[in-house]
Amino acid sequence: MRGALRAEWTKLRTVPSTWWLLSAVSALTWALGAVATGAVSADQCPSPQECHEDTVKLSLTGIWLGQAAVAAFGVLAMSSEYGTGTIQATLAAVPGRGRVLAAKAAVVTGAALAAGMLAVLGSLLAGRFILSGNGFSSASLSFFEGPVLRAAVGTVLYLGLIALLSLGVATVVRDTAGAITTVLGLLYALPALVELVGDEKWQERIREWAPASAGLAVQATKNLDSVPIGPWSGLAVLGAWAGAGLLAGAAVFKLRDA
Amino acid sequence: MTTPPTVTPYRSELPPARDGFPQLLHAEWTKLRTVRRWSLTLLACVVITVLVSLLSAYSGSSDVSGDRTPPPVGPHGGVVSDSFPFVHRPLTGDGSITARVSPLTGREERPAEPWAKAGVVIKESTKAGSPYAAVMITPGHGVRLQSGFTHDTAGGTVARDRPHWLRLTRSGEEFTAYESADGSSWEKVGTTRVNGLPETAQAGLFVATPEETMVQRQFGSNSVGGRPARVTAAFDHVTVDGGQGAWRQDTVGGGAGGGLRGPQDSSTEKSGTWTLTGSGNVAPYTPDVDITQQSLAGAQIGLIPLVALGVLFITAEYRRGMILTTLTASPRRGRVLVAKAVVLAGVSFVAGLVAAMLSFLLSEPELRDRMPNPLFHPDVALTDTPVLRAVVGTAVLLAAVAVLALALGAILRNTAVAVTLIVVALVLPLVLLSGLPIGTAHWVMKLTPLAGFAVQRTLPQYEHVDAVCLPENGCYPQGPWAGLSMLCLWAVALLAVAVWRLGRRDA
Numbered sequence: 001m002r003g004a005l006r007a008e009w010t011k012l013r014t015v016p017s018t019w020w021l022l023s024a025v026s027a028l029t030w031a032l033g034a035v036a037t038g039a040v041s042a043d044q045c046p047s048p049q050e051c052h053e054d055t056v057k058l059s060l061t062g063i064w065l066g067q068a069a070v071a072a073f074g075v076l077a078m079s080s081e082y083g084t085g086t087i088q089a090t091l092a093a094v095p096g097r098g099r100v101l102a103a104k105a106a107v108v109t110g111a112a113l114a115a116g117m118l119a120v121l122g123s124l125l126a127g128r129f130i131l132s133g134n135g136f137s138s139a140s141l142s143f144f145e146g147p148v149l150r151a152a153v154g155t156v157l158y159l160g161l162i163a164l165l166s167l168g169v170a171t172v173v174r175d176t177a178g179a180i181t182t183v184l185g186l187l188y189a190l191p192a193l194v195e196l197v198g199d200e201k202w203q204e205r206i207r208e209w210a211p212a213s214a215g216l217a218v219q220a221t222k223n224l225d226s227v228p229i230g231p232w233s234g235l236a237v238l239g240a241w242a243g244a245g246l247l248a249g250a251a252v253f254k255l256r257d258a
Numbered sequence: 001m002t003t004p005p006t007v008t009p010y011r012s013e014l015p016p017a018r019d020g021f022p023q024l025l026h027a028e029w030t031k032l033r034t035v036r037r038w039s040l041t042l043l044a045c046v047v048i049t050v051l052v053s054l055l056s057a058y059s060g061s062s063d064v065s066g067d068r069t070p071p072p073v074g075p076h077g078g079v080v081s082d083s084f085p086f087v088h089r090p091l092t093g094d095g096s097i098t099a100r101v102s103p104l105t106g107r108e109e110r111p112a113e114p115w116a117k118a119g120v121v122i123k124e125s126t127k128a129g130s131p132y133a134a135v136m137i138t139p140g141h142g143v144r145l146q147s148g149f150t151h152d153t154a155g156g157t158v159a160r161d162r163p164h165w166l167r168l169t170r171s172g173e174e175f176t177a178y179e180s181a182d183g184s185s186w187e188k189v190g191t192t193r194v195n196g197l198p199e200t201a202q203a204g205l206f207v208a209t210p211e212e213t214m215v216q217r218q219f220g221s222n223s224v225g226g227r228p229a230r231v232t233a234a235f236d237h238v239t240v241d242g243g244q245g246a247w248r249q250d251t252v253g254g255g256a257g258g259g260l261r262g263p264q265d266s267s268t269e270k271s272g273t274w275t276l277t278g279s280g281n282v283a284p285y286t287p288d289v290d291i292t293q294q295s296l297a298g299a300q301i302g303l304i305p306l307v308a309l310g311v312l313f314i315t316a317e318y319r320r321g322m323i324l325t326t327l328t329a330s331p332r333r334g335r336v337l338v339a340k341a342v343v344l345a346g347v348s349f350v351a352g353l354v355a356a357m358l359s360f361l362l363s364e365p366e367l368r369d370r371m372p373n374p375l376f377h378p379d380v381a382l383t384d385t386p387v388l389r390a391v392v393g394t395a396v397l398l399a400a401v402a403v404l405a406l407a408l409g410a411i412l413r414n415t416a417v418a419v420t421l422i423v424v425a426l427v428l429p430l431v432l433l434s435g436l437p438i439g440t441a442h443w444v445m446k447l448t449p450l451a452g453f454a455v456q457r458t459l460p461q462y463e464h465v466d467a468v469c470l471p472e473n474g475c476y477p478q479g480p481w482a483g484l485s486m487l488c489l490w491a492v493a494l495l496a497v498a499v500w501r502l503g504r505r506d507a
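Taken in order, these protein sequences are the chains called A and B. Counting in the working numbering, the first sequence runs from 1 upward without gaps. Counting in the working numbering, the second sequence runs from 1 upward without gaps.
What the hints contain is simulated information worked out from the structure, not anything from laboratory work. Treat the hints with care, since some could be wrong.
Stretches of chain B that chain A covers, calculated by requiring three or more beta carbons in the stretch to come under 8 Å of a beta carbon on chain A [said to hold, decoys possible]:
| # | segment |
| --- | --- |
| 1 | 413-422 |
| 2 | 436-449 |
Computed spacing ranges between beta-carbons, pair by pair [said to hold, decoys possible]:
| # | chain 1 | residue 1 | chain 2 | residue 2 | range |
| --- | --- | --- | --- | --- | --- |
| 3 | A | Trp9 | B | Asp506 | 30 to 40 Å |
| 4 | A | Thr84 | B | Ser39 | 20 to 30 Å |
| 5 | B | Asp384 | A | Leu121 | 46 to 56 Å |
| 6 | A | Thr86 | B | Asp384 | 55 to 65 Å |
| 7 | B | Glu463 | A | Gly243 | 51 to 61 Å |
Please read all numbers here as calculations on a predicted model, not as lab measurements. Ideal Cβ positions, reconstructed from N, Cα and C, are used throughout, including at glycine.
Work out the full structure: start from the sequences and follow the hints.
Put into C-alpha cells, the structure is as follows:
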C-alpha cells in the first residue's frame with residue numbers, strides 16, 4: 001500500500017496541472033470571498049443589535065468558486081490516466097485495483113484538504129479584515145468558537161468530499177469531458193434549479209439533497225433554524241454522495257477492462 | 001551515346017480535389033455527425049432543457065385561489081392599473097380644463113413617490129381602462145403629458161414648494177397640454193392624440209401613485225416589500241371651458257394592479273379648493289413574472305452538455321492526434337476553426353430551436369394557468385413578436401455558448417478547465433446573484449456572457465414606470481438585443497483569439 005501511495009503521489013506531483021489547480025482553489029476562493037465581503041456593509045442592517053448577517057458564511061462564499069477547481073482536480077486525477085493510457089502501466093505495476101483506487105483517493109483527498117485549509121484560513125482572515133473595515137464588529141469572527149470552528153473545519157472537509165465525489169464519477173465515466181460535466185451538473189445545476197422551480201416544497205427538497213447546497217449548510221453559524229438542513233447532517237448528505245460515487249467507481253473499476 | 005531515359009513524373013488520374021470552404025464545412029460536419037456520443041450530447045441538451053422547463057412549470061404553486069376577475073384592459077390591449085379618485089364634470093365637444101395644483105404630499109407627511117401624479121384629465125368615462133389624456137405634475141419627473149397609459153411626454157420642471165398651473169385642451173381627437181408657474185405665462189408641454197373618445201367626455205382632477213417598494217438585500221436574505229402608497233394634492237382655480245353639469249365625485253377602478261387599492265381614496269371640497277387623496281395608479285401593469293421567460297428557463301441548465309460538446313469538438317482533435325491530419329488536409333488553420341464554429345453554431349441553433357419551441361409550447365399554458373390570476377398575464381402565442389424573439393433568441397444564445405466553448409477549448413487545449421470555466425461562469429450566477437448587492441449584480445448581468453439571457457425577456461418596460469429590477473425575478477438591466485449582442489461579442493472575440501493562437505502555436 002505504501003508503494004501504491006508513493007506512486008500515486010509521484011504521478012500527482014509531477015503534473016503541472018495539479019499545482020495550477022490547487023493554487024486556483026485558494027485564489028478563486030479568496031477572490032470571490034473578498035468580493036462578497038466587500039459588497040456588504042453594516043449600514044444595511046436595521047441597527048447594530050439587529051445585524052443578523054452570518055459573517056462567517058459570507059467570508060466563506062468563495063467556496064462556490066473554489067470547489068470548481070477541486071472538482072477539476074479530482075476528475076483529472078483519474079480521467080487523465082485513461083486519456084493518456086498510463087492506466088495500463090499503473091495497473092501493470094499495481095494489479096490490485098482496489099488498492100490503486102484507495103491510494104488515489106487518499107492522495108487526492110489529502111491534497112484537496114491541504115488546499116482547502118489554505119483557502120478557508122485565508123478567506124476567514126481576509127473576511128475579518130474587510131468586514132471590520134465595513135463596520136462589522138470583529139468579535140463575531142474569533143476562530144476557535146464552536147460554530148466558527150465548525151464552519152471552518154466543515155468547509156475544509158467539504159472540499160475533501162467534493163474531491164472524492166469527482167474521483168468516483170471520473171472512475172465510472174473515464175472520459176474527462178463527461179466526468180467534469182457530470183460533476184459540475186451535480187454541484188451547480190442542482191442548486192440553480194432551486195431558482196427555477198416555483199414550488200417551495202420542491203425548493204426545500206432540492207436544498208436538502210443536492211450535494212453542494214446540503215454540504216455547505218455546514219457554513220451556517222447564525223439563524224440555524226432557517227437553514228434547510230442541519231450543519232453536520234448536510235455534510236453527511238454530501239458524504240453519502242461521495243461514498244456512493246466512490247463505491248460505484250470501485251465496483252466498475254474492478255469489473256471492467258481498463 | 002545513349003539518350004538519358006525520360007522520366008515522367010507520376011500524375012494521379014483523379015481530378016484534383018477542391019479545398020474551398022464548403023469542403024471544409026463538409027469535413028467538419030462529417031466529424032460531428034459520426035461521433036455517436038456527440039449526437040447524444042445534443043439530444044441531452046434538448047431533453048434537459050425541456051425537462052427543466054417542465055419541472056419549473058409543473059412544480060409551481062398549484063393552490064390557485066380561483067380569483068379570475070378580469071383586470072382592466074387599456075386601449076393598447078394590455079392590462080393596466082387604473083384606479084384613482086376622480087372629480088369630474090361632462091365636457092362636450094372641444095374645450096379645456098385648467099387648475100392650479102399644490103405640491104404632492106405622501107403618507108404621514110413623508111415625500112410622495114417620484115412617479116406620484118396629480119393633475120387634470122379628460123377621460124372617456126369612469127370605467128377603468130377607458131382612453132384618456134392627462135397632464136400632471138410628479139415629484140420626481142416634472143410635468144408629464146400622458147395618454148392611453150403607454151404614451152408619455154416630458155414637460156418642464158416643477159418647484160417643490162409652490163403650486164403649478166396645468167391646462168389640457170381638447171380639439172377633436174387632439175389634446176394639447178400647457179403648464180405655467182404663475183397662471184399668466186403659459187408654455188406648451190406637448191400634443192397627443194386619443195382615438196375613440198366620444199363627443200361627451202369627462203373632464204376632471206385626479207391623483208395617483210405607484211406603490212412604495214422597499215428592497216433590502218443582504219447575503220442569504222433579501223426582502224422585497226411593497227405596500228400601497230398614498231398621495232394628497234389640493235386643486236384650486238379649477239375651470240372647465242365648455243363644461244356643463246355639476247361636479248361629481250367618483251372613484252375609478254379599484255382592485256386593479258395586484259389589488260393594491262387603498263380604501264382611503266377620497267375627495268373633498270372647501271370653498272372652491274378640491275383636496276384629493278389617492279392610492280391607486282394610472283399606468284400599464286407589468287406582472288412580476290415573465291411567463292415566456294420562465295417557460296424557457298431550462299436553457300440555463302440545458303447548455304451544460306452543449307458546452308462539453310463545444311469544448312470537445314476541438315480538444316478531442318488534440319487528444320487523438322487528429323489535429324495533425326486536419327491541419328495537413330487544410331493548412332490554412334484559421335479557416336479550420338471558423339468552419340468548426342459555423343458547423344457547431346448551426347447544429348446548436350437547430351437543437352436550441354427545437355428545445356426552446358418544445359419548452360414554450362409545453363410549459364407556457366401550465367405556467368399561466370398556475371398564476372394567482374392568469375388574466376393578469378398576457379395570453380401569448382408562439383407567433384407573437386416578443387415570444388418569437390425569445391424563442392429564436394434562446395436558440396441563438398445556445399449557438400453562441402457553443403462557439404464560446406469551442407473558442408475557449410481551442411485557446412486552452414484543456415477539456416476539464418475549459419468546460420469548468422464556462423459552466424461556472426454561466427450557471428453559478430444563478431445561485432449567487434440574488435444575494436449580491438443590486439449594483440454588482442447588474443454589472444455581472446451586463447458584461448459577462450450571462451447577459452445573453454436577457455433575450456428571453458418578453459415583458460415591455462416603460463420609462464414612466466419605475467420597476468425594481470431584481471435578478472431573482474429574471475430581470476436583466478439591459479434590453480434583449482443588447483444582452484444577446486454582449487454574449488455574441490464574447491463568442492466572436494474569443495474565437496478571434498483562438499484563430500490567432502492556432503496560427504501561432506505548434507499543433
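field: Ascending list of hint numbers which this structure does not respect
entry: Of the numbered hints given earlier, the structure breaks none, since each of them holds.
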